[in-house]
Amino acid sequence: MAETPAAPVHSDPPHGTLTYRDVNRDIVATLATPGKMYWAVVGLLQILVGAAAVAFVIQMLFGMGVTGLNNPVGWGVYIITFVFWVGIAHSGTLISAVLFLFRARWRMPVYRTAEAMTVFAVLTAGLFPLIHMGRTWKFYWLLPYPNQRLVWPNFKSPLMWDVLAVSTYLMISSLFFYFGLIPDIAAARDRSTGIRRRIYNVMCFGWTGRGTHWIHYRKAYLIFAAIATPLVVSVHSVVSWDFAMSIIPGWHTTIFPPYFVAGAIHSGLAMVITLLIPLRALFRVKHIVTLRHLQALALFTIATGLFVGHAYMIEFFIAAYSGNTYEYSIFNSLETGRPFGHYSVAFWIMAICNCVAPLLFAFRRIRSSILWLFVLSILINVGMWFERFVIIVTSLSTDFIPYNWGYYRISLVEGIILVGSFAWFLLQFVLFAKHLPTISMTEVKELIPPPTAEEVPE
Amino acid sequence: MSETISAVFAHQDTAIRVIEDLRARGHRGIDVMIPVPDHHILDILPKPETKVGWIFSLWGGIFGVTLGFLFPAWAHSFVYQQITGGKPVITWPPFVVPGFEMLVLFTGLATFTGVIVLCRLPQRHGDPHFDERATEDHYVVEVTTEEDRVDEVRALLREAGGEVR
Numbered sequence: 000m001a002e003t004p005a006a007p008v009h010s011d012p013p014h015g016t017l018t019y020r021d022v023n024r025d026i027v028a029t030l031a032t033p034g035k036m037y038w039a040v041v042g043l044l045q046i047l048v049g050a051a052a053v054a055f056v057i058q059m060l061f062g063m064g065v066t067g068l069n070n071p072v073g074w075g076v077y078i079i080t081f082v083f084w085v086g087i088a089h090s091g092t093l094i095s096a097v098l099f100l101f102r103a104r105w106r107m108p109v110y111r112t113a114e115a116m117t118v119f120a121v122l123t124a125g126l127f128p129l130i131h132m133g134r135t136w137k138f139y140w141l142l143p144y145p146n147q148r149l150v151w152p153n154f155k156s157p158l159m160w161d162v163l164a165v166s167t168y169l170m171i172s173s174l175f176f177y178f179g180l181i182p183d184i185a186a187a188r189d190r191s192t193g194i195r196r197r198i199y200n201v202m203c204f205g206w207t208g209r210g211t212h213w214i215h216y217r218k219a220y221l222i223f224a225a226i227a228t229p230l231v232v233s234v235h236s237v238v239s240w241d242f243a244m245s246i247i248p249g250w251h252t253t254i255f256p257p258y259f260v261a262g263a264i265h266s267g268l269a270m271v272i273t274l275l276i277p278l279r280a281l282f283r284v285k286h287i288v289t290l291r292h293l294q295a296l297a298l299f300t301i302a303t304g305l306f307v308g309h310a311y312m313i314e315f316f317i318a319a320y321s322g323n324t325y326e327y328s329i330f331n332s333l334e335t336g337r338p339f340g341h342y343s344v345a346f347w348i349m350a351i352c353n354c355v356a357p358l359l360f361a362f363r364r365i366r367s368s369i370l371w372l373f374v375l376s377i378l379i380n381v382g383m384w385f386e387r388f389v390i391i392v393t394s395l396s397t398d399f400i401p402y403n404w405g406y407y408r409i410s411l412v413e414g415i416i417l418v419g420s421f422a423w424f425l426l427q428f429v430l431f432a433k434h435l436p437t438i439s440m441t442e443v444k445e446l447i448p449p450p451t452a453e454e455v456p457e
Numbered sequence: 000m001s002e003t004i005s006a007v008f009a010h011q012d013t014a015i016r017v018i019e020d021l022r023a024r025g026h027r028g029i030d031v032m033i034p035v036p037d038h039h040i041l042d043i044l045p046k047p048e049t050k051v052g053w054i055f056s057l058w059g060g061i062f063g064v065t066l067g068f069l070f071p072a073w074a075h076s077f078v079y080q081q082i083t084g085g086k087p088v089i090t091w092p093p094f095v096v097p098g099f100e101m102l103v104l105f106t107g108l109a110t111f112t113g114v115i116v117l118c119r120l121p122q123r124h125g126d127p128h129f130d131e132r133a134t135e136d137h138y139v140v141e142v143t144t145e146e147d148r149v150d151e152v153r154a155l156l157r158e159a160g161g162e163v164r
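Residue numbers (numbering that gives the first Met the number 0), protein chains in the order written: chain A, 0 to 457; chain B, 0 to 164.
Treat the hints with caution; some may be incorrect.
So the derived label-pair ranges between C-beta atoms look like this [stated by the list, open to error]: (1) B/Leu66 with A/Arg20: 41 to 49 Å; (2) A/Trp140 with B/Lys86: 42 to 50 Å; (3) A/Leu60 with B/Lys50: 50 to 58 Å; (4) B/Ile61 with A/Glu453: 22 to 30 Å; (5) B/Thr143 with A/Pro229: 40 to 48 Å.
Chain B regions said to be covered by chain A (calculated; three or more residues, Cβ under 8 Å) [what the hints assert, rightly or not]: (6) 5-19; (7) 39-45.
Simulated from the structure, these hints should not be mistaken for lab results. The beta carbon of each residue, even a glycine, is placed where N, CA and C say it ideally should be.
Build the full structure now, drawing on both the sequences and the hints.
This is how it looks when you write it as structure tokens:
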């Protein structure tokens, strides 16, 4: 890898001296046999996933009493983490589809990572309703099929919509992800040997880059982007209706769909930054995923952070302006309101991490520092997890009747499963990074000039 | 009898010039194998259109949205009336969600299937004119022509600097 061309990090256009051949070589090099460090990471992640599996078995054996869930807080860490991971999944399709339609060229080197993140985040999120159910062995009751009396599930219920939306999102984002991978798997196939070559050849359907195939492919990619764009907006809207269609104070608001979508994109963008920083260092692709791409993502989080902050403030305003006692007590009351009540620490973590931290990216010096980018992106993710905590737990713990109020504590089992979900997500990502190209060779090549016989005037 | 000849070019502009040359001489059976969907090349191919949208995506979408509305309506009326909140038996607003999700799902599945079908993938035994460098930085130009014009095409490709096979 020593012969990697030294493209200056700040150069504009970012891929100054790269050629098509360099792109293939450098990206296929990320698939080389990994070192000890890699296996150490995989081993550590597997231990954490294993611990979560043990915690889950304990929950299966002893029942939901091992969690902190009880009346009145029946939705806890599991639902919070479900919403968190579904949210993380959003920016992947945003970056790959919406920015594709807007022809934002900076997306090209980073979109594969974001899409992979989407698929793995949905796969992680999908586990949580199953864990939360308690009687997980009855999971197939969620599927739309009639019971013995031939009654179908209630398609008017937001929970049913949620199943449809999240599973559609999983299917479409996986297809979109795989579709984008086909030409790259073919490129990786032509630079590998043995069994690996045969597997890649099957995976890419024997793709040859034929012109007539590219014509179909190009059109289909556009159609995928066009259908995935409204899907991104719909999925988190539907997730928000799980809350907004109920009558719990603090949930029953019309602002939820846009609020959730903005929050989802906010956390997803932060997660892309968090993943890309170690990825580009470990796989030596800093000349392809440059600082400029990370900065573009960081600037994007300023906008989404402001959306989210705006939504928080509107909630307080509407609660006060509506004159509804229960809304007022959830938001504005000095005893039980979110900024002052039992969970005020969670509220302030949420507010500072989501709204204030991204504003620091407005300073060029901060968004030019890898360390700052990394730290702030993690803070945003912490903030977004706490956002869901605040929404779910504060509303449930202090609902209508003070006699019914309760306090929710996260139990050890729930905590281990929460940590395990991060390990599970990262494990999938780490394995993916060694088996399939994490950066799109085809799209990076589209950014750089093709090999020509004559000198092309700049 | 027609025969297929192919040549590998190292440069994009040479490949473009060769395709234009071939088209000017009246050849219709031209195809390429290229590393990126380069519109400079794809748009000068004899048939630059695709029907994947009109045939597959559109009908997939129509099927999906119809299913998404009619299926819940059927399940909530003919099978067992699940009346919620005193509303009519078939209320369309809540079915917008299944309708939309099925629209997207079936459009996507049909589009993917469309590409596989239209490209006649998977190619189990590979393509005889494929060159491994075509997924990296080379351009394969493939011409299918009458037997009596084979020598002419071969000469043209060689003259342009291609590796003729």
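Hints the structure violates: just list their numbers, smallest first. 2, 4
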